[in-house]
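Engineer: Sequence:
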Amino acid sequence: MANTMRGSSSSSPYHRGVDVEGGVGDYGEDDEASSGPFDIPNTKNASLERLKRWRQAALVLNASRRFRYTLDLKKEEEKEQIRRKIRAHAQVIRAAFLFREAGERVNVVGPPLPPPSSGVYAIGQEQLNSLNRDHNSSVLQEYGGIRGLSDLLKTNLEKGINGDDNDLLSRKNAFGSNTYPRKKGRSFWMFLWEAWQDLTLIILMVAAAASLALGIKTEGIKQGWYDGGSIAFAVILVILVTAISDYRQSLQFQNLNEEKRNIHMEVIRGGRRVDISIFDIVVGDVVPLKIGDQVPADGVLIAGHSLSIDESSMTGESKIVHKDQRAPFLMSGCKVADGYGTMLVTGVGINTEWGLLMASISEDTGEETPLQVRLNGVATFIGIVGLAVAFLVLIVLLTRYFTGHSKNTDGTVQFIKGKTKFSTAIDGAIKIVTVAVTIVVVAVPEGLPLAVTLTLAYSMRKMMADKALVRRLSACETMGSATTICSDKTGTLTLNQMTVVQAYVGGKKITSFDNNEQLTPTVTSLLIEGIAHNTTGNVFMPEEVGGESEVTGSPTEKAILNLGVKLGMRFNDVRSKSSVLQVFPFNSEKKRGGVALQMPDSEVHIHWKGAAEIVLASCTKYLEADGSLQQIDEDKACVFKKAIEDMAAGSLRCVAIAYRLYEMDKVPKDEEQRAEWLLPEDELVLLAIVGIKDPCRPGVKEAVQLCTNAGVKVRMVTGDNVQTAKAIALECGILASDADATEPNLIEGRVFRAMSDKEREEVAGKISVMGRSSPNDKLLLVQALRKKGHVVAVTGDGTNDAPALHEADIGLAMGIAGTEVAKESSDIIILDDNFASVVKVVRWGRSVYANIQKFIQFQLTVNVAALVINVVAAVSTGDVPLNAVQLLWVNLIMDTLGALALATEPPTDHLMKRTPVGRREPLITNIMWRNLIIQALYQVTVLLVLNFRGTSLLHLEHDNADHANKVKNTLIFNAFVLCQIFNEFNARKPDEMNIFSGVTKNHLFMMIVGVTLVLQVLIIEFLGKFTKTVKLSWKLWLVSIAIGFFSWPLAILGKLIPVPATPLSELCTRTVRRRHTSS
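Throughout the sequence shown, residue numbering follows my numbering, covering 1 to 1079 in sequence.
Simulated from the structure, these hints should not be mistaken for laboratory data.
Backbone N, C-alpha and C fix where the C-beta goes; we use that ideal spot for every residue, glycine too.
Only pairs whose alpha carbons sit at most 27 Å apart, straight line, appear in this in silico DSSO-like list of lysine-lysine: (1) Lys642 with Lys508; (2) Lys641 with Lys509; (3) Lys467 with Lys701; (4) Lys766 with Lys913; (5) Lys591 with Lys666; (6) Lys713 with Lys787; (7) Lys758 with Lys787; (8) Lys319 with Lys591; (9) Lys260 with Lys462; (10) Lys1025 with Lys222; (11) Lys787 with Lys766.
With beta-carbon atoms standing in for the labels, derived distance ranges: (12) Asp324 with Ala465: 39 to 47 Å; (13) Asp151 with Thr522: 38 to 46 Å; (14) Phe391 with Lys788: 46 to 54 Å; (15) Glu158 with Pro600: 17 to 25 Å; (16) Lys788 with Asp514: 48 to 56 Å; (17) Ser602 with Thr742: 50 to 58 Å; (18) Arg248 with Lys1035: 38 to 46 Å; (19) Val1017 with Trp1048: 18 to 26 Å.
Hey, can you work out the whole structure from these sequences and the hints?
Structural biologist: Below is the structure:
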């Protein structure tokens, strides 16, 4: 739902906008004053004024079609107004709650309870709606509190709902489902209507209607309808093909949006945690919440520890709201900022504020991409040239016609002042206007910016198969420019399949945990107590004897919980023996988490778990294997540190488990004070140091090498120990050898953090591995790299990674391990958390850019050739060899069919042998200019020779003049179209000799070429009356094919011509400057 909530995300504390003073933003890349309207290298944080500027500067014939997939600025404003209304309601609720809380509530009688429901449940939808809407705690107490409410909803607070099909159906019938009515996508008829809006096509239809009326009047209905009818038919064909192509793209985007919305959550059903879609959550569900989750529905808190909610998406305020039994109401769509807890769902779908908001605003897939904006600039420039040419042709032809210089093929003058009928003169003028307007249709490349959308839609669909879900279109193409990837270690470079393989307990090294006799009952009991309580995971023990336990939680939690199970832990039994006083949830800044427990004998145990060397530094004692308490002196500290280093060198993640006793009378008695109580973290007793194995992903070394060859540097940024990071980096190929593992190549987060901004910028480019880094270190690294001109891709999974993901040019969130906050801040979600999938995204990003360049080369060749041929012929003879219908057919080949054929080329290995595409590199490279000029020059030369000398070359002197002219013009048209078909193959490989490489794998390309060829044969052989052509003999067909075929060897010869590395535009600028300086 990222696009939907575009406007609201800015107020969230997880997101960072453009802050020039703070040094966050685009670092001058997007200098509005100095750059042109079409020069927006990064649209991610572009201002609305900037986006308006390029729209106003673009030359557009069909605005509704051209701007369909760009951000609808008017709709954005409307959405914001709707959000404000719904947020205002949320703020009223909050104000009322604070007012009630401030009052003394002495002898206050709550509002009367609504009558009980007469349905399956003892409470109805109306009562729940009232509860969710008003957030009235007194009404909740009248229902019997959370336990009474759960009884009314037939829910067990510990085991959840039954969850069988009948139960779920019953709940959906009574309280609705967790979906909301969405505005239907545009129908095919809407796309058809938009395709009609093209100004040139409207003029052509008017001209066709006038020509049709005049033709029927002068020649009768049998012969007179051909001129006007053929133009009308050609225009309708163009509109139909355009609408079908656009409609198919729209369907692809709709499918991708469905994927984006489909969040998966854990719920407790039948005593076990099950993973379900957010749309399958029902009223009565018990949902565990942890940091980074999205609240999936309206509900009431059952129990929670340090639970804080970011309500900015609903209230518009960035304030984090603490939730407890006094403020238990949770709003759908908000994010968990800290802590964890469980909630009882009381409202779903349209019965929530979030559902109302989602139903009120339509999903807007519109978003500009830098390439799209630049192509609008290219299209505008070409369009202006085309308009000038069309205007010149119009003036020349009208002047020649009305001054009596235009002649028929038999030599008779077309217009004689005072003698030619008015209707004939008008008909002649209409034909001239039609040709001029058709030149505009061909010259203004409306399809050029839309080709970006086409290739992005295709790429996004294919990337889904490659386990990458694109949330922002621009990220897809920006990935092709990435110069560096800052990757997490756990789960991205490694498998995230963690197991405890080694432990130091009581000073003894243990590698097998099946024999519990190695440890005394005291040590085992304390270890199990810490493992069972200090976790956000869960262990479900089936009731049948001998059933396998089901462990859920993060991979690290699961590994440690599995260790507890091996030590004989009965999870629920252990947790029921003590009560939780306070929790310090695991924090990626402090890299540890703790819990305070009140034991049955009123003793207080405080358990800590976290990064081994950090927890060890807080320990003063340790438990020996026999259960005795021993001091950690200097020698013993060195032994433990050496144990951690040995584990880390073996690429193990090291986690220490410790505890301490605490006096009950020192624990705050008041609940409010206890919520603020910081758990003591000194004088800890070390229980165990465990080494967790997380093997490298297969193929990750090859993927890293592929990036290196492609000029993309891979950097590992991990919270793990530096030695663990070094071992994995060597295994993955990020570090080539031990010799590379020196500072600043290998650096610790705190060292980087302590540097000045200038030092960080100098060092950032050299860093390959950063260990023990915090999310803020990752953000600082991203900022430093971007300031040095790098295009940075960053992977992240945690809530605290959100600023770095947002700041990076491309934020890549992990689909499995990633929190909802991380996913919402990202541009692309890697669905399998695999680094190899990140590399595939780079390939696709480069493919998008390469495909657009192929299409530009192809389209400009057609543009230049068609314009030059018609202009030269019009100026010199007063006639054009390519008429309106023929030009419309060429436009169809060039625009829609050409884009489909070339914009859907799959990526090749060749793309990963190039350096990244610079974001300010010219779209039309020197190689493209060379190919374009050679092909256009060849086509223009051959076809103009045929135009002026065709009659004699084809031995048509003795034929009827009119027939000879038609044969010659038909050959020109046929050869021109075949040149484009053959040139499509050349455009596939602009810089490779083998233009047929992989062509058979691209079925769409082969199909389009085949269809174009078949249609061309049908046009020449059977539709002559419409296109003003005649049937060609087999010899002339061979001539046409030979002319087209020669473009292949010509392209190969052209590729032998070297081109300068400096872009042509830069060379021209330098030349002008030199001349200016010398003069």
